[in-house]
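Chain by chain, the residues:
There are 2 protein chains.
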Amino acid sequence: MEISSLKALAASVRSLSMDAVQAANSGHPGLPLGCADLGALLYGEVLKHDPSQPQWIDRDRFILSAGHGSMWLYSLLHLTGYGLPLDELKKFRQLGSKTPGHPEYGWTVGVETTTGPLGAGFSNAVGFAIAETKLAAEFNTSEHTVIDHYTYALAGDGCLMEGVSAEAASLAGHLELGKLIVFYDSNGITIEGHTDIAFTEDVAGRFEAYGWQVLKGSAHDIPQMMSLITEAKAEKKRPSLLILTSTIGFGSPHKAGTHDVHGTPLGAEEIKATKKNLGLPEDEQFYIVPEALRYTAQKAVPWKAARETWEKTFANWAKANPELKAKWDNFFTDPTTLVENAEEPSFAVGESIATRVAGGKSLNAFAKVMPGLTGGSADLAPSNNTALPFGEYSAQNRLGRTFHFGVREHGMGGIVNGLNLHGGLRAFGATFLVFADYMRPPLRLSALMSLSSIFVFTHDSIFVGEDGPTHQPIEQAEALRAIPRLLVLRPGDAQETFQAWKLALKQSHRPCSLLLTRQNLKVYEKPANWKEDFEKGGYVVKDTEKPETVILATGSEVNLALEAVKLTNRRVRVVSVSSRELLQDNPNHLAKLVPQGAKVVAAEAGITTGWKGLADNVLGLDRFGESGPGAAVAAHLGLTAENLAKLC
Amino acid sequence: MEISSLKALAASVRSLSMDAVQAANSGHPGLPLGCADLGALLYGEVLKHDPSQPQWIDRDRFILSAGHGSMWLYSLLHLTGYGLPLDELKKFRQLGSKTPGHPEYGWTVGVETTTGPLGAGFSNAVGFAIAETKLAAEFNTSEHTVIDHYTYALAGDGCLMEGVSAEAASLAGHLELGKLIVFYDSNGITIEGHTDIAFTEDVAGRFEAYGWQVLKGSAHDIPQMMSLITEAKAEKKRPSLLILTSTIGFGSPHKAGTHDVHGTPLGAEEIKATKKNLGLPEDEQFYIVPEALRYTAQKAVPWKAARETWEKTFANWAKANPELKAKWDNFFTDPTTLVENAEEPSFAVGESIATRVAGGKSLNAFAKVMPGLTGGSADLAPSNNTALPFGEYSAQNRLGRTFHFGVREHGMGGIVNGLNLHGGLRAFGATFLVFADYMRPPLRLSALMSLSSIFVFTHDSIFVGEDGPTHQPIEQAEALRAIPRLLVLRPGDAQETFQAWKLALKQSHRPCSLLLTRQNLKVYEKPANWKEDFEKGGYVVKDTEKPETVILATGSEVNLALEAVKLTNRRVRVVSVSSRELLQDNPNHLAKLVPQGAKVVAAEAGITTGWKGLADNVLGLDRFGESGPGAAVAAHLGLTAENLAKLC
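The listed protein sequences derive, respectively, from chains Y and L. Position one of the first sequence corresponds to residue 1 (the numbering used here), numbered consecutively onward. Position one of the second sequence corresponds to residue 1 (the numbering used here), numbered consecutively onward.
Because the hints were derived from the structure by calculation, they are not lab data. Bear in mind the structure is a predicted one, so any value in this text is a computation, not a measurement. Virtual Cβ for every residue (Gly too), placed ideally from N, Cα, C. Hints should not be assumed to be uniformly reliable.
Computed beta-carbon distance windows for the label pairs [unchecked claim]: (1) L:224 <-> Y:106: 53 to 59 Å; (2) L:258 <-> Y:323: 36 to 42 Å; (3) L:344 <-> Y:282: 46 to 52 Å; (4) Y:106 <-> L:509: 42 to 48 Å; (5) Y:349 <-> L:596: 45 to 51 Å; (6) L:382 <-> Y:344: 53 to 59 Å; (7) L:646 <-> Y:318: 56 to 62 Å; (8) L:272 <-> Y:642: 38 to 44 Å; (9) L:509 <-> Y:529: 49 to 55 Å.
Please put together the full structure from these sequences, using the hints given.
Given below as structure tokens:
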């Protein structure tokens, strides 16, 4: 380890970061200045990575949970050869640049996940670490190791105050994720002032209670940090939290250690003073210490060599283990073809079955042909019907495919995203629809990142019944549709549920929510070729000549619509809307389903807002539910076939 | 303490609970059977309460955070004289009964808050405990104590796994809420099985790290629990967690200690066996041990006497301290008249000022005339502009009115609700609009409970700019409107902001979200009497003769609309929509604003879904934002006056 080279690298991170924030007149200089030494150490000496091949599956993962410190990451990516040009750093926070305000996955090479909403990266990191243990267990042999890497994350005070990191940390300790190493940038500063105005807990004690190893040091002492990291890596069972005391805005003579430096440019004068203080040329902009580039250029050789050695190992492993290699290919294959191999469970017309039950059967059918499909519930598996028959994932059984996330919906969402970000696995999470509210941030992030995370939300309406309004979703389906790119699927019966799961699994760049019922629903007859239209957003379940009215119904309300048709003299066509978003994105298909001039009536056991733009009348629920047997609640609230018929 | 009487009370709780769950064929017998002894002790001996006056302001508060155990609470309320008839217990979980599936505030007397969504009650309890410290500091004198009560809560494994309780617990420890006492029903069981499948952390160690006193005992040992409670009450500084090991479904010979008993009726046969086991008559339904009623009838005398003594103290205090009594009346007065006393800050037409800044000034103006108005931000006060000049609330200064919630949005929401539930205070919380996602559950609960919580959400659109899509709300305004009863106000300039705050403060039975801008907005001219229409949902900012087009704009888009008018030859009326919900609830007013036949164009920097039912064209954003200066992002995404003009 060449300390002077790392110091040069760190100085360059500081130089680039403060200049970029100043040029943008916007951003966060505090973390980059405070954590530059750690960054130099990580990207220079610690990480197993090859910047020339940033997609290398066995690379160590690094996650900047404190995403506001984005310039720290961009500086390091530039300096270590990830192909992020200096010009892009100069365009920090400008429209279209590769250096947006917070790190964006899929946009800037080397960014493992989108962060900024605090605690999110921490929970993703737990998902990454789980993925590593699973893939290692699946593929490593006594002779060859193809998966063996660490997951590192850098978290700030804010990340550790958020409940989501508490949930994820508790689970990480339980699951004995020994290869997860989190750095806590303990700088004692938050936006409102010193952390001690709101955050005086004993963080070390808390993490020890979670089953973590906790180590302490200084973020400005490179040899000490190196030895702590070595200690962390040596611990095989417990995840490690390295509490690093740092000075926020390190080097700034007047602002270091204050909350002024957290999220505000230093100002031209203070930058000069800081540069002088740090031994950098005062008047040079975006200055890079030559030794930093010499050092990273030199490191590129062993980085590449290590990756090439892995490639050879992988080739040898593949040759020696053709069956494992075939499985590997399955794990890493676009599932579009795989899902066609699944055997559809038999759901007979006339049969009465809850779509959550059909969902469970469908999931299991797909899981058989997709060995990388894995997931679980936030302690509601028996209700969500999401258990898989391939063992339960635990510290003792990394091969298990069913997760017990505990009553931790928010953490589950972040972990599912992490599992999907890692590569190789297709992960889902499940809870009651009403508790989607607990996990809005990871739902949004999955959509923002174009991940293919799947979320199973059962008990999708007031038909939950007796549990009452706290457990009866009203606004949740619409609130999910509000998230751009998130696909919301609400199948109307068991057959449609299988099709919905298939559609969800085929998505490679958009997350899906599957909304399933608690109550039984009758399987209805369908026209030939319904599946094709189902995948476009909806199909005609029951037609009539020259329809005067078209009912657009989702989920359980399709059966309601079929009942309503019998109660009216009007000529009514019933359309099962699998996904309103798909329908609205495809006006031609919508026009095919809804003939010009026909009256349109929408039916969904939830708020009516989103249907008003599409329908003349809406049968829905714009108020909270009530406790009582489902059918009684529905009747009380007017969600009946009679009322639907009247609206036709 | 009469142990045999408490045992009779406990046996009656078990009897009523298992029969009610069985009669409903739905519900959770596990907790009521497991925690019956604790319930008897609490409601019989521990709580300072007078069931004949359940609104007594100085009563101890009890919160059933594990809300699924509702029959436990209903049994106790019935047995101790809260006026909940036995007939209502027999109608457990039936439509319209006073015994819904989960306890509902405002519906069943004696229920302090609506619970069911796990962890929510825990966070409310922290709010209750804070309220007590504040009111005690405000009103007690060296001679008279008018506020002096404890806050108790019962939480299960699920509550403690949720991140929201972690956030609230950390803050409770920091704030030294010594009069907060939480019972942890540690029964080792969750829905998916034993808690050790997902929850093996050292809960005691974690809470000690938060600064709590942790005590341990058995939920089936009444004298031991009594002595632990005494110990908890003696600790003045640290909140206390009493970890009580319990057998879920205690008494059931075949199901006790299993997850089968958590949320499923025992079944007729097992109920018989359980009754036999507990010494209850096997064939009697809803049996109450006579001693239980004798005991509670006898306790009613001292309960009432204690409350009457307090009334006398209060009267003496009021007489001796007329100024304090006037202040008390102010705290406990409907603010509708108070807010009229506030001096409106001067916001001149033409002035350019962000509505978050105007919001801060307005808040301060109202805070001056409403001494009970209190709140804070989740570590964003300098950005949210929500600091008050009346000191910061802390363990050292209970009189302070500005809270530092830390980076804990979800916990903040629950605490704000608890503060408002307690009585005497009017509380608000603040964060960025995009982070409303972190606190959906308490937002929903505030609406479900018809609380008057206020939530300030600044940085309300892509005009946030450089922070990029993780920080730019797109779907949040619409997702808030999706919550029934929650009022969403998005004022268009500084003057409207003052009016919006006033409108929010006048709500006594509905929560409000105030959506405010980061960026400056020009204060525009307004017609006379605009305020009256503003309170109805919207008013005409700029009119024209025989309007061909009406623009419905909110927030920053009102200025955009005023620009657009200049760019079109059409006769355009501009309406500032303060709240779309109010407008939609008032069709007459809407008809006044939008003349028949006029083309309607909506403008809001967010998703268009909710406007489509109201407008012919919508200028909005149905995609995530981008990082860049706000104006550049808006131009890039087409949110311009030119485009709005084209839509007219």
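### Message
Tell me the numbers of any earlier hints that the structure contravenes, in ascending order.
### Response
Hint check: nothing fails, all pass.
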